[in-house]
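Protein chains: 2
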Amino acid sequence: MLYLIGLGLHSLDDLSLGGLKALKESDKVFVESYTSFHTLDLKELEQLCGKEVVALERAGVEEDLVKNLIEPAKTETVSLLVFGDPLVATTHASIITEARKAGVDVHVIHASSIVSAVGECGLQVYKFGRVATLNLPQEGYAPTSAYDLIKSNKDAGLHSLILLDVKSEEGKYMTVAEGVKELLRLEGEKRGGLFSHETMLVACARLGAQDSVIRYARAGDLLTADFGGPPHALILPGKLHFTEEEFLENLK
Amino acid sequence: MLYLIGLGLHSLDDLSLGGLKALKESDKVFVESYTSFHTLDLKELEQLCGKEVVALERAGVEEDLVKNLIEPAKTETVSLLVFGDPLVATTHASIITEARKAGVDVHVIHASSIVSAVGECGLQVYKFGRVATLNLPQEGYAPTSAYDLIKSNKDAGLHSLILLDVKSEEGKYMTVAEGVKELLRLEGEKRGGLFSHETMLVACARLGAQDSVIRYARAGDLLTADFGGPPHALILPGKLHFTEEEFLENLK
Chain A
1 MLYLIGLGLH SLDDLSLGGL KALKESDKVF VESYTSFHTL DLKELEQLCG KEVVALERAG
61 VEEDLVKNLI EPAKTETVSL LVFGDPLVAT THASIITEAR KAGVDVHVIH ASSIVSAVGE
121 CGLQVYKFGR VATLNLPQEG YAPTSAYDLI KSNKDAGLHS LILLDVKSEE GKYMTVAEGV
181 KELLRLEGEK RGGLFSHETM LVACARLGAQ DSVIRYARAG DLLTADFGGP PHALILPGKL
241 HFTEEEFLEN LK
Chain B
1 MLYLIGLGLH SLDDLSLGGL KALKESDKVF VESYTSFHTL DLKELEQLCG KEVVALERAG
61 VEEDLVKNLI EPAKTETVSL LVFGDPLVAT THASIITEAR KAGVDVHVIH ASSIVSAVGE
121 CGLQVYKFGR VATLNLPQEG YAPTSAYDLI KSNKDAGLHS LILLDVKSEE GKYMTVAEGV
181 KELLRLEGEK RGGLFSHETM LVACARLGAQ DSVIRYARAG DLLTADFGGP PHALILPGKL
241 HFTEEEFLEN LK
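Chains as they are written, first to last, in the working numbering: chain A, 1 to 252; chain B, 1 to 252.
Honestly, the hints are just simulated from the structure, not real lab data. For glycine and all other residues, C-beta sits at the position ideal for the given N, C-alpha and C. Mixed in with the good hints, there may be bad ones.
Quick look at which bits of chain A chain B covers, simulated, 3 or more residues with Cβ under 8 Å [stated by the list, open to error]: (1) 87 to 97; (2) 110 to 116; (3) 119 to 132; (4) 189 to 198; (5) 220 to 233.
Partial selection, computed: residues in chain A whose CB lies under 7 Å from chain B [stated by the list, open to error]: (6) Ser-16; (7) Leu-17; (8) Gly-18; (9) Gly-208; (10) Thr-243; (11) Phe-247.
Kindly produce the complete structure, drawing on both the sequences and the hints.
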């Protein structure tokens, strides 16, 4: 039996009571260590569940999935801890597919995710369109698909959540300032009229944590703003209801 | 100080460790009792947090917000427990606005939500468009906005999560079969080519619970299907990636 257990947004406090129960009855516990800047303390986690916890890099979860997780789960109770809600990252849905092929039962224990926590910005969660991601610049690779996606959300009056890249294995992350710079660069290339220095954006850091920061500000002002540690995200609001407007005004 | 604490998707096990800590340090604890069929046992909850928990109906949270929650939070630590993730329902964002007006500090403790848990159907969470809701039929009131919203998601290749109405105060909920019937009725009216008896839909009940049911089936077959207790939901898939298709095939 294989548990996929969400660690939630930010700290061990975001683990659910059911998640903790499952960890306590597990024979083997793994934690993925590559998709987030979750402030996880492995020692504290081990103390909490009363057993050793093995951190797996990306290859350990993806390439060695069968060896590390699925084979042992045929005879023991194995848990994989995942940041956020486990199935938001597509990798984890494929774990279920592979486990089922091998006849292994999978239980998912859900936790908090940016996809719903974004409501903390005062924008209606049901009025968000598709989620966009901006990646850290890589030589010779400058995709514009995020811009097109945000444009189609905006045309439909919907809010766009723009996640900013985190490469925790390399210790790198995209800041609010870098994200805004990239959006303005994309605007220069695509000219869809979405972004200028005057565009009002919601910028957030560490959403859901006790030290989260949420601000509603001009893109131009965000270019020099410091939001501290990761993860960061931006939101381009779509059509605003007056209660949403009122909420945003208080975040200026 | 006011805590808005998510109860998560389905049972007390979905409460986070941080949520439980906040409850233990609270002077007063309230739980909203109207937006969900969460299988909450009030006695068990009281035992868990070691104090009395007062259930509030809709009017108690909305109309008597200041008296019940905000005034006491000026001098004491007050918690309001909310089903799912607290800010997915718009009502709760307005609690923050009102509390801030009164100078009361608000902390949100997030939990699991259908918005991310829907990944359990094998569809990419980031490829969902706007969320639609179908309401239980009311005399003289038959809105078609849900259909338009699903159509615009479909046109953009996006998946549509269609929540089916739950009126827990009246003990009523819309079933998968009733939901499909309503979608076919809307199709007859709007004729956008979205739904027929042959349309493949994902139908789910109690997503995130241990006894959840998820099936991928013809609309025609869902008209007579029994999915047990609430809440129920439907998904009209948009453009499918082959890994999504593979996952859905296993849900037939």
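Exercise. Of the hints given before, which are not true for this structure?
Worked result: Violated hints (numbers, rising): 4 and 5; every other hint is consistent with the structure.
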